[in-house]
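Q: Take a look at the letters that make up each chain.
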Amino acid sequence: MGERTTDPPGETRSIIRRLSDSDWFRFIQIAPAVFWIGLFLVLPFLIIISYSFFESAPLIDGFGGAQLTLDNYVEFFTRSIYLSILWDSFVIAVVTTVITLLLVYPAAYYLAFSDVKYKNLFLLLFILPFWMNIVIRTYAWRQVFGDGGLVNYLLGFVGAGPVEVLFTRPVVIIGLVHVFLPFMLLPVYSSLSNIDRSQIESAKNLGANRVEAFMEITLPQSVPGVGAGVMLVFVLSFGAFVVPELLGGAQNSMIANRIASMFLELQSWEVGSAVAVIFTALVLALLYAFNRVIGLEGMYGGDNA
Amino acid sequence: MSDTANTIVNLENVGKKFGNVTAVNDLSVDIREGEFFSLLGPSGCGKTTTLRMIAGFETATSGAVRIRDREMSGVPPYDRNTGMVFQGYALFPHKTVGENVGFGLKMDGVPKDEREEKVKETLELVDLPGLEDRSPTQLSGGQQQRVALARALAIEPSLLLLDEPLSNLDYKLRRELRFQLKRIQEEVGVTTIYVTHNQKEAMAMSDRILILNDGQREQLGTPKEIYNKPKSRFVADFIGEANLFDGTVTKCQNGTAEVELDMGTGRSLSVPTTDAVEEGRQVTINVRPERVTATDLEGILTGEIVSRTYLGKSTRLLVDVNGTEIEADISSDQIVGLSQDLSIGTTVDLTWKPDACVIVGGLD
Ligand SMILES: Nc1ncnc2c1ncn2[C@@H]1O[C@H](COP(=O)(O)OP(=O)(O)O)[C@@H](O)[C@H]1O
Ligand SMILES: [Mg+2]
Chain X
1 MGERTTDPPG ETRSIIRRLS DSDWFRFIQI APAVFWIGLF LVLPFLIIIS YSFFESAPLI
61 DGFGGAQLTL DNYVEFFTRS IYLSILWDSF VIAVVTTVIT LLLVYPAAYY LAFSDVKYKN
121 LFLLLFILPF WMNIVIRTYA WRQVFGDGGL VNYLLGFVGA GPVEVLFTRP VVIIGLVHVF
181 LPFMLLPVYS SLSNIDRSQI ESAKNLGANR VEAFMEITLP QSVPGVGAGV MLVFVLSFGA
241 FVVPELLGGA QNSMIANRIA SMFLELQSWE VGSAVAVIFT ALVLALLYAF NRVIGLEGMY
301 GGDNA
Chain Z
1 MSDTANTIVN LENVGKKFGN VTAVNDLSVD IREGEFFSLL GPSGCGKTTT LRMIAGFETA
61 TSGAVRIRDR EMSGVPPYDR NTGMVFQGYA LFPHKTVGEN VGFGLKMDGV PKDEREEKVK
121 ETLELVDLPG LEDRSPTQLS GGQQQRVALA RALAIEPSLL LLDEPLSNLD YKLRRELRFQ
181 LKRIQEEVGV TTIYVTHNQK EAMAMSDRIL ILNDGQREQL GTPKEIYNKP KSRFVADFIG
241 EANLFDGTVT KCQNGTAEVE LDMGTGRSLS VPTTDAVEEG RQVTINVRPE RVTATDLEGI
301 LTGEIVSRTY LGKSTRLLVD VNGTEIEADI SSDQIVGLSQ DLSIGTTVDL TWKPDACVIV
361 GGLD
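For the protein sequence lines, the chains are X and Z, in the order given. According to my numbering, the first sequence is numbered sequentially starting from 1. According to my numbering, the second sequence is numbered sequentially starting from 1.
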């Protein structure tokens with residue numbers, strides 16, 4: 001409980017205290033969140049899971065011909081299109097994550113360890129993408145990479161082009177890096193700025209040069225933050241929808257776009273659900289494996305101890 | 001250059017400015033091989049900055065820092081062979097105690113088994129045998145402090161630099177570790193520069209003390225010299241308690257100066273002095289509270305008791321003498337022998353032996 005600025009009179013206080021100490025009150029405190037998650041996450045997902053085991057989607061195609069089956073899963077594993085798009089999405093997510101980390105680490109290091117005057121302004125600039133609508137931003141990117149866009153316009157000046165830029169994989173990756181960069185920056189910056197500078201000085205005092213001090217002291221203590229950032233960016237870009245939809249087009253769509261088109265365009269809810277279930281299980285398995293190796297603590301602001 | 005052959009650190013007119021803040025100002029001092037040397041002064045006087053210039057973390061903006069006659073500008077911290085204990089210890093939380101203590105040896109390329117042997121030895125030296133595999137975060141403050149010390153000592157530095165190593169600990173532990181630190185230093189024999197704002201610590205441990213005030217050298221000497229012959233009001237005040245009187249010399253003969261006090265009692269004090277003092281000279285005199293006694297006879301000064309505090313071995317009186325407050329520690333033994341009870345508001349006669357009076361700053 002937070003600190004009260006003024007204490008209520010004795011009688012009321014004891015009632016409030018008894019109330020706030022009771023299990024019942026604790027339940028009231030977390031109930032809305034539990035309800036919210038139950039209603040909007042667990043329930044829909046249970047529906048999707050059940051769809052994946054039916055021949056046709058009961059809530060849409062009626063309960064009449066609803067037959068339990070594994071055909072939807074068989075379809076996924078026998079038609080190479082699903083596996084190849086899943087693999088492509090995985091590759092895009094990995095490349096995006098690696099590029100984001102390489103971009104962010106030096107910047108976060110600089111912000112955490114130098115006494116730059118406008119540190120907060122820089123941090124704000126990095127986080128700015130959070131505040132701007134992703135659809136608007138991504139459409140703006142099309143103006144840059146499109147056929148008559150800025151890139152081809154500039155290429156025209158030097159006598160090159162026009163080349164197909166939009167709807168290529170690099171553009172999708174560039175867009176994903178841009179959109180998810182803050183999710184890498186914040187945890188990495190936070191873990192770096194938690195490192196006591198005198199530890200680094202101490203290492204130098206004991207004979208470490210700059211590189212050795214970084215490898216021995218700074219890098220290991222930034223691992224939790226890097227782990228958290230890598231996980232966030234990987235999961236978010238693996239399941240990305242808006243960016244590949246707008247920048248990837250048909251040739252370079254990702255797994256989420258595929259699932260959506262199966263639901264909406266192909267009206268194939270059963271197979272789409274099976275793909276969604278497999279994708280979700282895969283993500284959870286990857287997270288589990290990752291957690292075994294790196295540890296999740298950093299994600300919840302755990303200290304560096 | 002250094003004037004004695006066994007000088008290990010030589011500061012020559014060293015100054016350090018941060019922007020327009022002068023942290024250290026024209027500081028010159030020689031630190032001798034093997035000594036326990038304290039930098040003492042109030043917070044913000046430039047102690048840490050001085051230590052960091054010796055360690056190589058700050059560069060002097062003027063003057064020269066030399067270690068073993070070698071000018072140190074441009075020499076990075078890792079080439080100076082100093083072992084530093086930071087104020088917050090700066091232990092590596094992701095490494096075990098053993099890895100912490102062995103870190104410097106690892107950087108030196110000492111092979112693993114040799115390293116482990118040395119780590120074991122050093123942990124025994126600081127009374128923490130067998131803690132190699134613990135995490136430093138599991139240790140108490142006092143243990144962390146000793147791990148930091150062991151880490152600095154393991155590289156067998158030519159200089160041990162300690163920045164207020166005891167200030168984060170509670171009183172009792174501080175006293176214990178003070179003796180332990182001194183014992184270890186004597187056992188190892190390493191030249192030690194000790195930064196503290198605690199004059200008792202400095203007094204108890206040091207061979208010599210440099211008192212800094214506002215980035216400047218105030219006095220350099222052994223603890224005894226500094227306590228008994230403070231060179232300035234600042235030093236007299238900073239080192240233990242002081243009763244300071246300003247006055248004018250009226251007569252000087254046979255090793256005694258008569259000093260008429262400015263405080264308007266018309267009183268004169270006889271102050272022993274080895275030097276000749278010319279008449280009319282302004283001086284400041286110090287009488288330590290523990291040298292002041294109460295008497296039933298006529299005292300040197302007479303005043304009214306404003307407050308009294310029982311301190312166990314003695315009672316601290318604050319006595320108002322014509323508007324000047326004087327502190328006196330009256331021992332419990334003495335109180336028993338007095339006819340008056342020294343209650344607040346009563347008048348008391350104060351006296352002291354002639355040699356309790358010291359002219360502050362000498363007469364040079
Ligand atoms: N990195 C710095 N930047 C600006 N001012 C500093 C810096 N380090 C120390 N100072 C200033 O220099 C003076 C001396 O500081 P310091 O050496 O830390 O004192 P001490 O250790 O005696 O308490 C203080 O006024 C302090 O504010
Ligand atoms: Mg300091």
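Worth flagging that the hints you see were computed from the coordinates, not collected in a lab. Don't take each hint at face value.
[What the hints assert, rightly or not] Straight-line alpha carbon distances no greater than 27 Å define the calculated DSSO-like cross-link-like pairs of lysine-lysine that follow:
#1 17(Z) with 119(X)
#2 182(Z) with 112(Z)
#3 117(X) with 17(Z)
#4 172(Z) with 112(Z)
#5 120(Z) with 200(Z)
#6 182(Z) with 200(Z)
[Unchecked claim] What follows is a set of in silico ranges between Cβ atoms, one per label pair, in the way DEER data are often shown:
#7 125(X) with 180(Z): 48 to 54 Å
#8 140(Z) with 215(X): 57 to 63 Å
#9 114(Z) with 215(X): 49 to 55 Å
#10 193(X) with 171(Z): 45 to 51 Å
#11 124(X) with 114(Z): 49 to 55 Å
Even glycine gets a Cβ: it sits at the ideal position worked out from N, Cα and C.
Q: So, for every hint listed, does it hold in this structure?
A: Hints and how they fare:
{"no.": "1", "hint": "17(Z) with 119(X)", "verdict": "holds (24 Å)"}
{"no.": "2", "hint": "182(Z) with 112(Z)", "verdict": "violated (30 Å)"}
{"no.": "3", "hint": "117(X) with 17(Z)", "verdict": "holds (20 Å)"}
{"no.": "4", "hint": "172(Z) with 112(Z)", "verdict": "violated (38 Å)"}
{"no.": "5", "hint": "120(Z) with 200(Z)", "verdict": "violated (32 Å)"}
{"no.": "6", "hint": "182(Z) with 200(Z)", "verdict": "holds (14 Å)"}
{"no.": "7", "hint": "125(X) with 180(Z): 48 to 54 Å", "verdict": "holds (52 Å)"}
{"no.": "8", "hint": "140(Z) with 215(X): 57 to 63 Å", "verdict": "violated (30 Å)"}
{"no.": "9", "hint": "114(Z) with 215(X): 49 to 55 Å", "verdict": "violated (22 Å)"}
{"no.": "10", "hint": "193(X) with 171(Z): 45 to 51 Å", "verdict": "violated (34 Å)"}
{"no.": "11", "hint": "124(X) with 114(Z): 49 to 55 Å", "verdict": "holds (51 Å)"}
In summary, the numbered hints that this structure violates are 2, 4, 5, 8, 9 and 10.
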